[in-house]
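S.K.: The listed protein sequences correspond, in order, to chains A and B.
Count the first sequence with the numbering used here and you get residues 1 to 327, in order.
Count the second sequence with the numbering used here and you get residues 1 to 263, in order.
If you are wondering where the hints come from, they were derived from the structure by calculation, not from laboratory data.
One should not assume that every hint holds.
Straight-line Cα separation of at most 30 Å, DSS-like style, residue types lysine-lysine; simulated pairs [what the hints assert, rightly or not]:
| id | chain 1 | residue 1 | chain 2 | residue 2 |
| --- | --- | --- | --- | --- |
| 1 | B | Lys225 | B | Lys183 |
| 2 | B | Lys121 | A | Lys5 |
| 3 | A | Lys4 | B | Lys121 |
| 4 | B | Lys122 | A | Lys5 |
Each chain, letter by letter, is given below.
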Amino acid sequence: MKTKKLTWINGVLLLILILAFVANLCGGVQWYGLNQLWADPNLMATKIMWTIRLPRSLSVVLVGALLAFSGQLMQALSKNPIADPSILGVNAGAMLALMIGSLFGISLSVFNTMWLSICGALITFLIVLGLSMTKQGIDPLRFILGGTVFASFISCIAYAVSLLTNSSVQFRNLLVGGFSGATYSQVELLTVGIIVVIVLVVVLRKSLTLLVLDDATASSLGAKPGVTRIIASLMVVICAGISVAVAGNIGFVGLGIPQVINYLHPDALERNVVPTMLAGGIFMLVVDLIAKTLAAPTELPLSALSAIFGGAFLFIIVAKGSRVTQI
Amino acid sequence: MDAIFGDQITVGYGKRNVLTNQSVHIHSGQITGLIGPNGSGKSTILKSISGIKPIEHGRISVEGQDIDVLNPKQRAKQIAYLEQAPTVPGDLTVKSMVKLGRYAYCHGLFGKDEHGETQIKKAMVEAQVAELANRRIDALSGGQRQRAFIAMTLAHNSPVIMLDEPTTYLDLTHQLDVLNLLKHLNHTQDKTVVLVLHDLNQAAQYCDQLICINEGQVVKTGTPKEVLTEELLADIFQVKAKITFQSSCQYPQLMDYETLVNQ
Numbered sequence: 001m002k003t004k005k006l007t008w009i010n011g012v013l014l015l016i017l018i019l020a021f022v023a024n025l026c027g028g029v030q031w032y033g034l035n036q037l038w039a040d041p042n043l044m045a046t047k048i049m050w051t052i053r054l055p056r057s058l059s060v061v062l063v064g065a066l067l068a069f070s071g072q073l074m075q076a077l078s079k080n081p082i083a084d085p086s087i088l089g090v091n092a093g094a095m096l097a098l099m100i101g102s103l104f105g106i107s108l109s110v111f112n113t114m115w116l117s118i119c120g121a122l123i124t125f126l127i128v129l130g131l132s133m134t135k136q137g138i139d140p141l142r143f144i145l146g147g148t149v150f151a152s153f154i155s156c157i158a159y160a161v162s163l164l165t166n167s168s169v170q171f172r173n174l175l176v177g178g179f180s181g182a183t184y185s186q187v188e189l190l191t192v193g194i195i196v197v198i199v200l201v202v203v204l205r206k207s208l209t210l211l212v213l214d215d216a217t218a219s220s221l222g223a224k225p226g227v228t229r230i231i232a233s234l235m236v237v238i239c240a241g242i243s244v245a246v247a248g249n250i251g252f253v254g255l256g257i258p259q260v261i262n263y264l265h266p267d268a269l270e271r272n273v274v275p276t277m278l279a280g281g282i283f284m285l286v287v288d289l290i291a292k293t294l295a296a297p298t299e300l301p302l303s304a305l306s307a308i309f310g311g312a313f314l315f316i317i318v319a320k321g322s323r324v325t326q327i
Numbered sequence: 001m002d003a004i005f006g007d008q009i010t011v012g013y014g015k016r017n018v019l020t021n022q023s024v025h026i027h028s029g030q031i032t033g034l035i036g037p038n039g040s041g042k043s044t045i046l047k048s049i050s051g052i053k054p055i056e057h058g059r060i061s062v063e064g065q066d067i068d069v070l071n072p073k074q075r076a077k078q079i080a081y082l083e084q085a086p087t088v089p090g091d092l093t094v095k096s097m098v099k100l101g102r103y104a105y106c107h108g109l110f111g112k113d114e115h116g117e118t119q120i121k122k123a124m125v126e127a128q129v130a131e132l133a134n135r136r137i138d139a140l141s142g143g144q145r146q147r148a149f150i151a152m153t154l155a156h157n158s159p160v161i162m163l164d165e166p167t168t169y170l171d172l173t174h175q176l177d178v179l180n181l182l183k184h185l186n187h188t189q190d191k192t193v194v195l196v197l198h199d200l201n202q203a204a205q206y207c208d209q210l211i212c213i214n215e216g217q218v219v220k221t222g223t224p225k226e227v228l229t230e231e232l233l234a235d236i237f238q239v240k241a242k243i244t245f246q247s248s249c250q251y252p253q254l255m256d257y258e259t260l261v262n263q
């Protein structure tokens, strides 16, 4: 019965994802039909579809999936339903690393962007993790509070750096988030990232599922929670790092999507990974479509739009109370 | 025969030893209760035996096998351990949680578990939570929750079950409910049950063997009749009580107890 429900949810989400992808591909300053893809390749509209819109839509769906999954993993890691890489400063850390790297003369090639953002995300994550550690392990409250304060601190530094070096325009995409200028090289980077993550999820899904339990209970079931936690943390860093490398600092995707999926289908983490990734892709496609069409030709800042939805959702979570139960 | 033998074990937190060179014998197919004041080392013994808290010196064997040579999954197949207050997400369903108890049996790239579904159903029926399978954990009463946790430990299909204060936070009805369930599992499946209990009357009624621990020392081991003496209660618990034996039962009961502290 449960498997049927999950298959049904995955099927519906996949259908919506395809529809949202087509809408995102067709939408922009001007709307083009899907048949434009098979039209005369010398036509401007066809060139735009192949060289600008297709890599953008692919990047959007992959970043959405990665961010949603990183949120799901972070919530399991911290046993806290309001954990998300953006709230905890991981995205901001990746962004700051890219800005500093660029200002120190490192060219922002796809490869450099990737390692810089992953390093930034990793350092920030380690600092936040360090701030939250107690003798009993991660303290969920310290994790969120320490992370939130540190995220604000890092974001302030990033804005200060951009203002002091007159580079706000250069780093606009990083600061406000966005997919304009997405390339096939970035799609390749994201594809490699998502393949690595999916392979790790398939191999480790049983262990990752036990992250939601306390260490003593997980150990008693035969798991090695310490090792799993390190691998899961690295997965969060990879997901958040490469997402920022491509789309800048977009928040709240990882906060709301896992919660919605868990509400529709309350189940263990391993069985909710696929719907969470699909829903993350859908959310990002829709928000990006709104960003590029609502005030066309001006493109709205993606992080702001995402934050509007995410902020509303955070309000609902807080109003309804935490759904994590300590028994 | 000993189901568990802890030989001269030393275990501590940081530089502080909680237990030093202590030996415990837990008989196979019996219910053993660990009793003693708060902070005496009862939970530490359970954690050490289940491999969660590594020992510094000594040796622990389960069913004749040294636990040091077992990997975590092999150990979980031998011993199921239930924390006093496990943390689980409230939106997990009972069945999803019981499934977690099969972790040690999942193998291969796709985590195959040949007997998983059968064992999960069996565990839920035995713990009387089959009808709650699709209920969320946070929608259960305290007693139902504890039975769901016990179902998770039964899914291990291990010969030994250890529970740290399984009746804490439960009202009297649910306390007896849980203890009767453990007694039933012990009788019908010959499970070795080890549990930490604070209610000495319940310990006397439900346990075949008691191990009294005080300040990291195993003070006395034996049947409830041998262990629960007026002298022990005064020495270890600072309680003055009468020990009586009702004609209808074989176990001792504490009557008219009062604290000796400040007297």
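S.K.: Now tell me if each hint is right for this structure.
M.R.: Structure-based check of each hint:
no., hint, verdict
1, B:Lys225 <-> B:Lys183, "18 Å, holds"
2, B:Lys121 <-> A:Lys5, "20 Å, holds"
3, A:Lys4 <-> B:Lys121, "19 Å, holds"
4, B:Lys122 <-> A:Lys5, "24 Å, holds"
In this structure, every one of the numbered hints holds.
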